[in-house]
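Given the sequences, and given the hints that come with them, work out the whole structure.
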Amino acid sequence: MARLGMLRLSHEKQDTLLKLLILSMAAVLSFSTRLFSVLRFESVIHEFDPYFNYRTTRFLTEEGFYKFHNWFDDRAWYPLGRIIGGTIYPGLMVTSALFYHILHFLHVTIEIRNVCVFLAPLFSSFTTILTYHLTKELKDAGAGLVAAVMVAIVPGYISRSVAGSYDNEGIAIFCMLLTYYTWIQAVRTGSLYWSAFCSLAYFYMVSSWGGYVFLINLIPLHVLALMATGRFSHRVYVAYSTLYCLGTVLSMQVAFVGFQPVQSSEHMAALGVFALCQAFAAYSWLRSSLTPALAELLLRSFMWLLLIAGSIAVAILALSGKISPWTGRFYSLLDPSYAKNNIPIIASVSEHQPTTWSSYYFDLQFLVFMFPVGLHYCFSNLSDSRIFIILYGVTSMYFSAVMVRLMLVLAPVMCVLSGVGVSHVLTSYMSNLELGRALSRTRSRRHPDHSYPGKQEVSSAVVLFLSFFLMTYTFHSTWVTSEAYSSPSIVLSARSPDGSRIIFDDFREAYYWLRHNTPQDAKVMSWWDYGYQITAMANRTILVDNNTWNNTHISRVGQAMSSPEEKAYEIMRELDVGYVLVIFGGLTGYSSDDINKFLWMVRIGGSTETGSHIHENDYYTPTGEFRVDRDGSPTLLNCLMYKMCYYRFGQVYTEAKRPPGYDRVRNAEIGNKDFELDVLDEAYTTEHWLVRIYKVWRCKMMPIMYTLGCGDYVIDLMVV
Amino acid sequence: MPLWKLSFAFVAFVCYLAASCEAQKTKDMLLSEKVQQLVDWTSRRSVIRLNGDKFRRYIKSPPRNYSVVVMFTALEPQRQCVVCRHASEEMQILANSWRYSGSFSSRLFFAMVDFDEGPDVFQQLNMNSAPTFMHFPPKGKPRRADTFDLQRNGIMAEQLAKWITDRTEVVLRVFRPPNYSGAVALMLLMTLVGGLLFLRRNNLDFLYNKTGWGIALLCIVFAMTSGQMWNHIRGPPYAHKNPQTGQVAYIHGSSQAQFVAETHIVILLNAAITLGMILLHDAASGMGDASKRKILCLVGLGLVVFFFSFLLSIFRSKYSGYPYRPDLWSAWNIIVTFTQ
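Line by line, the protein sequences are chains A and B.
Per this note's numbering: the first sequence = residues 20 to 739.
Per this note's numbering: the second sequence = residues 898 to 1237.
Check before you lean on any hint, since a few could be wrong.
Claimed, not checked - Which stretches of chain B does chain A cover? Using the computed rule of at least three CB atoms under 8 Å from a CB of chain A, they are:
id	region
1	1127-1140
2	1149-1160
3	1168-1181
4	1187-1200
To be verified - Take a look, some chain A residues computed to stay more than 12 Å from chain B by CB distance:
id	residue
5	133
6	236
7	243
8	271
9	301
10	669
These aren't lab readings, by the way, just hints derived from the structure by calculation.
Every residue, glycine too, gets a C-beta built ideally from N, C-alpha and C.
Put into structure tokens, the structure is as follows:
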């Protein structure tokens, strides 16, 4: 304070300085708390989908936008290929390419991988600043600062934006909040400038995430609520009309979105509200120049006309099959359990699970009960922007309860409203404290009757307690980030008995082996989970990947994996497979390996016509168990996947006091130990046996056929 | 003499031929009659009801060139078999899809035997549980795989169809008649709301009641944060009773799941903490009597402290390894580490 005094800063300047300081510290904090995985491992891209994004970004920076836009990828889905330019949201890639080029223009020669790794933390810093501005619109700068600090470390948002998690959601939350902020400004001012800015923000959002559908339904809902509460004005009219026209035209420029904004039912609410806005405005204009009776008549006739025209239109569309109002899709919106009962594939994906109360607490901690306090505050002092935030809060609350992944959308509004709540309680008691001090010093104030005995003590207790809450929130968030959300899953780590960290880097080892030791045009078969990683890191052609658009093709791979060797060989030759890659955790105890996913391969493999020889029941024991030991079903013990995983495993000692060939994931001694592979060669097995790569022979091992078109195999033999 | 013998042999041979021919003919006739009868019945009701005699005649006895899928069940109300009713519905859907499909032929029939109409059949087949689905192939006896595994596959018509395709190579596509009950319920609700609004059309002020809306939204928020949606979708038990010790657990031990009772506790805790906070909030901003506000403030603080520590301890029991404890000692520790 003394130094500030020496600088001779006025109170306003001190205020601004403090705000700037806190805000920039929050922004730095939100960046640095996301770096756990970089510090622990290295600057590495995480998981599966980010590898695809990384690969496309690399393509974009190397080849330019037009080639990117017209890109037909022949490295994936061999022999079908995939059109990439028209099937992705390009916002993420364009953003990083832009950063990359700007930095290179300034002679900061950063690698594109590092741009990708640090993009999500950078954008969460931006989100922090934006949250401050958004909350400031709702209450005041103090609430804004509290909300900004909260959003910097909220685990629900960190889960999708740690360094290396290079996915659409990382920037989409920023785009979403930017659109909301500009929308609130547009509604407040009614200026074309803000409305156009809002459309641009909306365009950015559309180009980066499929979740934009939430926005284009929430904003019309806000307009509707304003109409219902009698707050509709020319400002809202200008804002919404501009946003809808400009935003729709702009969003249609994204190739993946195309004509959806004017065709699909998700966007129809926005169109309806747009029409309603025009009608409302036209009616209020007419009413100003008509007698009340005439206006009433006009309104009534117009209503009837609208009703009749609407029902005829719906009937025609329903009969012609353009819309189908009573289908499953419609019900799944109203009743979320519909999907679980009728669409099993949705039920099986973990990201589509509903949310338990404990994961709310895990991801949001004390925001769970500060949020309603903020809601209460907004309700007791309604305004246009507060109505908006209430709607955003409650709708996103519903969606996050249905699907745990959408916690991401809820987290920012949780912080905004909790920030409002916390700041309100805190400021009132803080001012009490100061007032008390002032009273004791000067003993003359205008409102002495507001104080009561012990006011000072009570206020300090409340303030202390709230600070304690905020501290536990900080500790909780840091703990959750460090323990739960900072593992890249491409590099695994485990604790050894003496407490030190062991790193398993087998995945990258295997992918780089493929990159350096196989022919350029080799086709690698693996289960679809590893498709993106193989194309990105090994740069080899793969059959199926995480973009699961073609079920029959995946099914064919599943059939190969679950058939006996002879049959599998036919399929592999048909698909021109050169190498097969399996993930095996039996030696290290890594539980999400291919044997544990195997039943899905069998199910998907048997689900199409060509897989009629595969029956799920054959892979169970007569008592209906899935076992790999001696009691396991013979079909399982002789299928390709089993043989590839357990080849030579029967000679390995994995645990003390156990027989050789003891599988540490299934906790069983394997049932089929001594076998040779007839059509495959073990090409490479990584250090901890996590990844095993096999080479498919060009022709079956028959001595007579050495000379008949088995070029590379003959050479292999001669070398041996 | 030999001629006589020969002619006798010839006559005998002719007689034999004629007889066997006759037998073949009656067999053919019998088969076509049976098929005709089955087709007739199927056209009347898609799942044929059989009693013991019919079962033996049409399904057990040999001349057959058709597969039959038989559901053994007990539908009489006094048997109180709920599963049977579900299974029967699914079977009905399946049989209807087959009967009205383009590929309908006499290769496959659907039939059922009710326990109360043919208990002898159950005895004969050594069957002591219902419902059971069995496939009787055109030739030979049913094997083990000809009995549908209910435990593993469930009773959905799609699963049944898959199994039948497996056994008979007849491709079945299940067609479910659309369910209009949801639409009807929605209509009813809308008319109810509309009617209420119409009745009170002269006084719509209650729609503009801020407090009402606020409380409704708070209720939604509490329901969602306590995982009621999870309950709705997953349908967990209310609580778990340990069969050995008889102890009742209200809190699920894992963080991946929850009991209904647990969510009710959590909803109360969350609401209590929020109420405490709101009391604090109102006590600070209100303009009422000073001592009353002081009491409000203290009550709010107490509510928050007590219920928060309670909530935290429940949370800790679900996440083993969570390092922060809900007591004063750990609070002190946190403050000490913070000040250091």
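Which hints from the list above does the structure break, by number from lowest to highest?
Per hint list: zero violations.
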